[in-house]
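> All residue numbers in the sequence shown are consecutive under this note's numbering, ending with 258.
Honestly, the hints are just simulated from the structure, not real lab data.
Hints may contain errors.
Unchecked claim - Quick list of simulated restraints, FRET-style, between CB atoms:
no., residue 1, residue 2, range
1, Ser194, Gln122, 44 to 54 Å
2, Gly142, Asp225, 49 to 59 Å
3, Gln102, Gln39, 20 to 30 Å
None of these values were measured; they are calculated from a predicted model.
From the three backbone atoms N, C-alpha and C, an ideal C-beta is built for every residue, glycine too.
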Amino acid sequence: MSIDKTVGSAAEAVADIPNGASLAVGGFGLCGNPMVLIQALLELGSDDLSIVSNNCGVDDWGLGVLLAARRIRKMTSSYVGENKEFERQFLTGELEVELTPQGTLAEKLRAGGSGVAAFFTQTGVGTQVAEGGLPRRYDRSGGVAIASPPKEVRSFDVNGTAKEFVLEESITTDFSLVHALKGDRHGNLVFAKSARNFSPLAAMAGRICIAQVEQLVEPGEIEPDAVHLPGVYVTRVIEVGSDVEKRIERRTVQKEVA
1 MSIDKTVGSA
11 AEAVADIPNG
21 ASLAVGGFGL
31 CGNPMVLIQA
41 LLELGSDDLS
51 IVSNNCGVDD
61 WGLGVLLAAR
71 RIRKMTSSYV
81 GENKEFERQF
91 LTGELEVELT
101 PQGTLAEKLR
111 AGGSGVAAFF
121 TQTGVGTQVA
131 EGGLPRRYDR
141 SGGVAIASPP
151 KEVRSFDVNG
161 TAKEFVLEES
171 ITTDFSLVHA
181 LKGDRHGNLV
191 FAKSARNFSP
201 LAAMAGRICI
211 AQVEQLVEPG
221 EIEPDAVHLP
231 GVYVTRVIEV
241 GSDVEKRIER
251 RTVQKEVA
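Given the sequences, and given the hints that come with them, work out the whole structure.
In structure tokens, the structure reads:
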């Protein structure tokens with residue numbers, strides 16, 4: 001029996017994402033953002049969303065378009081410094097934010113997609129990441145309405161030395177949205193260079209993974225060793241073409257040498 005996971009449009013691909021859904025979204029800065037799917041979700045109108053992604057884009061691109069439309073209730077991220085509207089919503093109590101160290105966030109997604117409930121890491125030991133008290137949501141008067149809870153810290157022997165580790169729970173979400181360079185009808189995906197970033201991990205964490213691909217090929221055309229994410233993790237595939245807009249967050253060029 002042939003397995004064909006392709007759908008005809010981005011609107012069809014995201015049509016069942018309801019209000020209040022949780023999503024893991026690939027991308028790093030503006031690199032690898034699944035913009036066609038994000039725009040389709042914006043047009044769908046789903047709100048009260050809880051989103052896990054390395055960052056929230058910028059004011060007019062990436063996840064920033066959902067934020068500007070007040071569709072996001074909570075962001076779980078590791079970097080939020082390029083979005084002024086993000087800052088405003090957080091400081092005025094409109095947005096809940098769970099800041100997570102970048103490597104820890106990556107592992108929480110990978111662990112969730114691998115069926116691992118939690119893991120211990122040294123990252124965050126001795127800080128508010130472990131001790132709790134980090135503001136997650138402010139009230140309108142500037143006080144802390146929701147603070148991060150303390151986490152379990154345990155000592156383990158590492159090469160004869162006792163070291164402390166903090167327990168981090170894994171992340172799973174209702175849906176995940178990712179952008180890939182190439183995919184086949186079975187959902188096997190290949191990502192381009194740094195656009196690989198968080199995308200495979202985000203894809204793994206979603207119970208329903210929706211992938212937009214620049215090039216759709218037939219099963220067998222992607223060499224098995226070239227597959228970055230096996231199709232077992234992917235539920236739907238939509239082809240968007242190679243001419244999709246790809247913005248650069250910060251452009252730095254070398255001055256011309258005479």
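> With reference to the structure, classify each hint as holding or not holding.
So, going through the hints one by one against the coordinates:
1. Ser194 / Gln122: 44 to 54 Å: violated (26 Å)
2. Gly142 / Asp225: 49 to 59 Å: Roughly 54 Å apart at Cβ, these two residues keep to the hinted range, so it holds.
3. Gln102 / Gln39: 20 to 30 Å: Holds: the Cβ-Cβ distance is about 26 Å, inside 20 to 30 Å.
Hint compliance for this structure: hint 1 is the single one not met.
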